[in-house]
Amino acid sequence: MNMTQTTDTSPLLVEMCKIVKRFPGLVANDHVDFDVRPGEIHALLGENGAGKSTLMNILAGLYRPESGTIKVNGNPVNFNSPRDAIRTGIGMVHQHFMLVPSQTVTENILLGLDKPRFLLNLREYDRTIAELSTRFGLYVDPRAKVWQLSVGEQQRIEILKMLYRGTNILIMDEPTAVLAPQEIEDLFKTLRTMVAEGKSIVFISHKLQEVMAIADRVTVLRKGKVTAAGLDAHQITRQDLAKLMVGRDVVFHVNKKPVEPGPIVLEVKDICAENDKGLKALNGLCMNVRAGEIVGLAGVAGNGQRELAQVITGLRKCGQGSVTLNGEPVSNQSAMFGIARGIAHVPEDRTHVGTAPNLSVTDNVIMKKYRSKPINQHGFLNMGVAEKFASRLKTEYDIIAPTIETPVRLLSGGNLQRVILAREISGHPSLLVAVQPTRGLDVGAIEGVHNLLLEQRANGAAILLISEELEELLSLSDRVFVIYEGRIMGELKIESGEPAPELIETIGQMMTGTPLEKVQTGKVLLHA
Amino acid sequence: MPEQTPSRTAAARKPFPFRLHLEPRLSEPPRWYPVVLSLGAIVVALIIGGIVIALVGGDPFQSYAHIAKASFGSIGVLSDTLVKSTPILLTCLACSIAFRMKLWNIGAEGQFIMGAFGASAVVLIPIFPEQTPGYIVIPVMMLAGMLGGALWGFVPGILKAKLNVNEIISSLMMNYIAISWMNYFIFAVWTEGGFQMSRMFPKNAWMPRLLDFADSLPFLRGLTTHAGLLIGIVAAVILWFVVFRSRWGYEIRLIGDNPQAARYTGINITRTTVLVMILSGALAGLGGMSEVAGVVHRLQTSPIAAGYGFTGIIVAWLSKLNPLVGIVVSILFGALLLAGREIQPSGIPKMIQGVILVCLIASDFLMRYSVRIERVGEEA
Amino acid sequence: MDVITILQAGVGTGTVLLFATLGEIFAERSGVMNLGVEGMMLLGAMSGYSVAIATGNPWLGVLVAMLTAGLLSLVHAFIAITLHADQVVSGLALTFLGIGLSLVLGEGLSKAGTVALLPSISVPVLTSIPILGRIFFTSQNILVYIGYLFIPLSWYFINKTRPGMHLRAVGEYPAAADALGINVFRMRYFYVFVGGMLAGLGGVTISLAIAPGWFSEMTTSGQGWIAVGLVIFAQWNPIRAAVGAYTFGALRRLILDIQGPTMILGMANPFYYNPYWGFFLQMLPYAFTIIVLVIGSRDAMRKRLGAPAALGTPYIRGERGR
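As you go down the protein sequences, you meet chains A, B and C in turn.
Following the numbering used here, the residues of the first sequence are numbered contiguously, the last one being 541.
Following the numbering used here, the residues of the second sequence are numbered contiguously, the last one being 901.
Following the numbering used here, the residues of the third sequence are numbered contiguously, the last one being 325.
In isolation and in its complexed conformation, chain A is listed as follows (with noise of 0.2 Å):
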């Protein structure tokens, strides 16, 4: 690559050369080289699936590369487990905390070191933590149990744990995907504090704005090889770092047919439920959806998004408040009453809820059908009618699969979203709940999605888009809801092209709580 490669020759830190890492099916890091210099912020670009996340495994010694080369400091150093990493000062912060809930901050903190030797003394070793974090400014209380903490304390944690541990080169893995904008600006402060103090920090991101925002040098990957190395991110254009990302120009917004809304398809008023530890998650929530528009969802991820899917859909009881479908009341009713009445759920968690993962295509697909003709005939299923089915869905919706008799833990995640949405969408809903469709695949995934989506919208369907990625509902939806601790903060209108900062900043501070009327805009957010 002729990119401007930075000519700063201050010793490496860490140097990984021509690392390998093969998974079942996949070659996740081809040959990649990557270094670490001291007191920098050496951002790794990539979209999901790219192998960021399985080079940095490798180098906090999670995982154990095929072939390649690690130095740290100059010296060869072949890992065998995380703590053998960390004694060499590399830690890295989890994009899902690895964090034991039941116990306490320090008890996290505390796990897996040599000291306290036996007897644990929690009481003295809380005074330690309490310290270290005021030095960083990352404010948790030590005797706190990690379940009742916030995302953004329990971030805090991780870093702490590191810290605590003598970390000199921070990992961290897609950080700021679970914290709300302000949250971002927060934890970039705290980045900073650590460089200055001499530490270095690998940032992961497939997020453009944050990696130009923070970083001083940047890595690409794409498909596990690397498409340009230590790149200085203050030379660099974003759009230049997108071509590397994707590996051609990226259209930023989708091809959006204006639609005229229809009727009011769904209308949820004043709902209140419960999460699944019993405490509040929905309170007093209003929001509808018309026919013919896609309204996103936006909010920090457990601000009741779930329990807001699961309400409409029939998966749980909501305290009051009621729910209609089509003039219909369809809360508090089972989930098979929704379905019977076109309701479509395209769940979070694709091989946990979404399907079953031993059973077949054919099985997957029929979920929704098999209690009607022409497949249920007097109790029996009539294969015949469900095998056809499940070929035409195949055909139709490119599912790439070798048979229909193929057990689905064995397709990709692309594909297998592709069994959802087909059989979803295959139903001719009313509506569409689609909670996180793109999360976890690669871009030609995404656009597939994202235009089966519009494609319903087309067709009059009411599709309510719950998502964390903003990027993602602005460019889809027509309106949008931001929902803060399990209420609606405000509804905004979306017009298509590039959104403006000022609405972005909007609903970030509508997502940390601030109901639509009392934002104030103006103030740049990020410093890019």
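Hints are computed from structural coordinates only; laboratory data are not their basis.
There may be inaccurate statements among the hints.
Unchecked claim - Cross-link-like lysine to aspartate or glutamate pairs, in silico, DMTMM-like; alpha carbons within 25 Å at most:
| # | chain 1 | residue 1 | chain 2 | residue 2 |
| --- | --- | --- | --- | --- |
| 1 | A | K269 | A | E484 |
| 2 | A | K401 | B | E549 |
| 3 | C | K163 | A | E144 |
| 4 | A | K290 | C | D302 |
| 5 | A | K290 | A | D362 |
| 6 | A | K238 | B | E544 |
| 7 | C | K163 | A | E137 |
| 8 | C | K114 | B | E863 |
| 9 | A | K220 | A | E60 |
| 10 | A | K293 | C | D302 |
| 11 | A | K330 | C | D302 |
| 12 | A | K293 | A | D283 |
| 13 | B | K623 | A | D362 |
| 14 | B | K623 | C | D89 |
| 15 | C | K163 | A | D139 |
Stated by the list, open to error - Ranges between beta-carbon positions, derived for each pair:
| # | chain 1 | residue 1 | chain 2 | residue 2 | range |
| --- | --- | --- | --- | --- | --- |
| 16 | B | L751 | A | K401 | 32 to 38 Å |
| 17 | A | Q390 | B | K590 | 47 to 53 Å |
| 18 | A | P114 | C | L268 | 47 to 53 Å |
| 19 | C | E220 | A | L145 | 57 to 63 Å |
| 20 | B | V892 | A | D283 | 56 to 62 Å |
As the list claims (entries may be wrong) - A few chain A residues that don't get close to chain C, going by computed Cβ distances all over 10 Å:
| # | residue |
| --- | --- |
| 21 | G52 |
| 22 | S80 |
| 23 | H219 |
| 24 | Q333 |
| 25 | S385 |
| 26 | V398 |
Even glycine gets a Cβ: it sits at the ideal position worked out from N, Cα and C.
Given the structure of chain A, go ahead and fit chains B and C onto it with the hints provided.
What follows is chains B and C alone, placed relative to chain A:
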């Protein structure tokens, strides 16, 4: 923190030139593979069993040869094998349907006992006058047996469905309760002159046997295979259709594979749990009925509570929960039990069953993962 | 029929359940459910008894019982931890294997003659405590006293020490423990082994101390399963496990004793005059286990706490979510 390179530890270890490389399978193995794998597991189990037999001073070759001869050697012993297989088949079906839903009903033993009890009650109370023809008595006994088993399946089922009580332990506890229950009636109520057994059933409560037809077909003389086997095979075929071709069976398979997905599809898991446990219990109960009416012809503890319910668990697992395969495997295990009676020490059949089950579960690993032996460092 | 005698004997009988339950708590706290307790107990009872006969040394019997049961538990550990198989089925298989092995190896053991048993002792000063002294500290088997020590030690170990903290972490969130360099596989193997050893100790407590002898399957008569049930009732807490175990022990004793005297509470004892009613008494421990499970499950549902989060799930490092 001290900075040291951990490569020392790796270097100190002498590299073994080969290593096993495990990968999750990405495609389905060919159709013959699971069959060969199961057979391989049984062979390994028999070898391990043989070693243990040799250790306690027995002759494994003689033991196994004896098993083969004593179970398939002639029409007569083959018939005896089939008699032994009948209760195993029915308890196997009972376990298959419950395990298919990942309901770990290990109370088939107790359900079997209650089936035997229910069927015996019809005869011993007695409900019918002595001259009632068999074609009335037998079906009523079947119903009573299924009812007894179903009741014993219902209790853990409803506790699991409504209160999330671990069905493994509750169904197992029901076994012990069933034995005490039956014993009470054998000792205190229906005892024959103080002996620990009931009186012999009248002929109208006996299952038809092959030897009943020896008058017209002389070669059937002495063959004790009874109609219970036919009932078992019919039940297996029906169960296959229910599991793989019916709407309800689809729901059971869906719940078994992923209860969350089933919930999301709108299936009532609570109701299905109770129904499946009732069906499972009824099948085991039918097995108990067939055993008292076809073989024992009286209520007596030792031949009834002989562990058929537990063997059914292993057979169900070996047949991969497929009712039709269950027919074949039941016959093999019938042979093992039949011949095992004469082998010393007497615990050997039970031990071999245990070893087989362990090897089967271990072999399942090779269904999910492929193993490659590769040279270390070939890529470096 | 003396309440104190029953309680005193109940503590002894309950010690069997105590050891097995504590062992299962350790295994389950590490995330591995081992349903093979019955098989391991029986093997422990058998091997301990036969070694005591062969050598005349009951302590050697205890040691061997713990080792053999521990070794048997490693079969489960291998299948469940290394081969990622279903722990329920594997535990069942272990039960069969343990019972089968015990029956084969213990053939003829019931007629093998007399055996040196573990001694019973009274604790000098503590005996004189009113009531409690007689229940807990008078002519109890030495293993019973060891059981007393195990209760607070187990609790303290799990909740207040570094290895205990690691144990909890491995059972709750193995990936987190692994990321910090705790060897999840080694820990799980170790605690399954500990569970096996304690189950073996429970078994040998029967055959060499509480109800000496070898009565093939009737030696344990389902107590291993009761122990598995008690773990749920105990909510994985050693103190609650002790309460449950001793209560069950007393219940077993009561059932035996109630059939003895001709008079009970000043009335003609119906169980004495109708000996067959004893069959209904025999059902009680098993019925009680079910009731205890119901209570335990309701508690867990109400408080929304309970099993270690990773209980029953194999840990596979680096598995990609597909």
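We went through each hint and held it up to the structure:
1. K269/A x E484/A: holds, 14 Å
2. K401/A x E549/B: It holds: about 22 Å lies between the C-alpha atoms, which stays within 25 Å.
3. K163/C x E144/A: The hint holds at about 23 Å.
4. K290/A x D302/C: holds, 14 Å
5. K290/A x D362/A: holds, 19 Å
6. K238/A x E544/B: Given that 25 Å is the threshold and the Cα spacing comes to 23 Å, the pair holds.
7. K163/C x E137/A: holds, 13 Å
8. K114/C x E863/B: Between K114/C and E863/B the Cα gap is close to 21 Å, so the pair holds against 25 Å.
9. K220/A x E60/A: The given pair, whose Cα atoms are some 9 Å apart, holds under the 25 Å limit.
10. K293/A x D302/C: holds, 21 Å
11. K330/A x D302/C: holds, 22 Å
12. K293/A x D283/A: With Cα atoms ~13 Å apart, K293/A and D283/A stay inside 25 Å; holds.
13. K623/B x D362/A: Holds, because 21 Å separates the two Cα atoms, which is no more than 25 Å.
14. K623/B x D89/C: holds, 11 Å
15. K163/C x D139/A: The given pair, whose Cα atoms are some 14 Å apart, holds under the 25 Å limit.
16. L751/B x K401/A: 32 to 38 Å: holds, 37 Å
17. Q390/A x K590/B: 47 to 53 Å: holds, 50 Å
18. P114/A x L268/C: 47 to 53 Å: Since the Cβ atoms of P114/A and L268/C sit about 51 Å apart, the hinted range of 47 to 53 Å holds.
19. E220/C x L145/A: 57 to 63 Å: holds, 58 Å
20. V892/B x D283/A: 56 to 62 Å: Roughly 58 Å apart at Cβ, these two residues keep to the hinted range, so it holds.
21. G52: Given that every Cβ of chain C is farther than 10 Å from that of G52/A, nearest at about 25 Å, it holds.
22. S80: holds, 17 Å
23. H219: holds, 17 Å
24. Q333: Since the minimum Cβ distance to chain C is about 22 Å, Q333/A lies beyond 10 Å and the statement holds.
25. S385: holds, 31 Å
26. V398: holds, 29 Å
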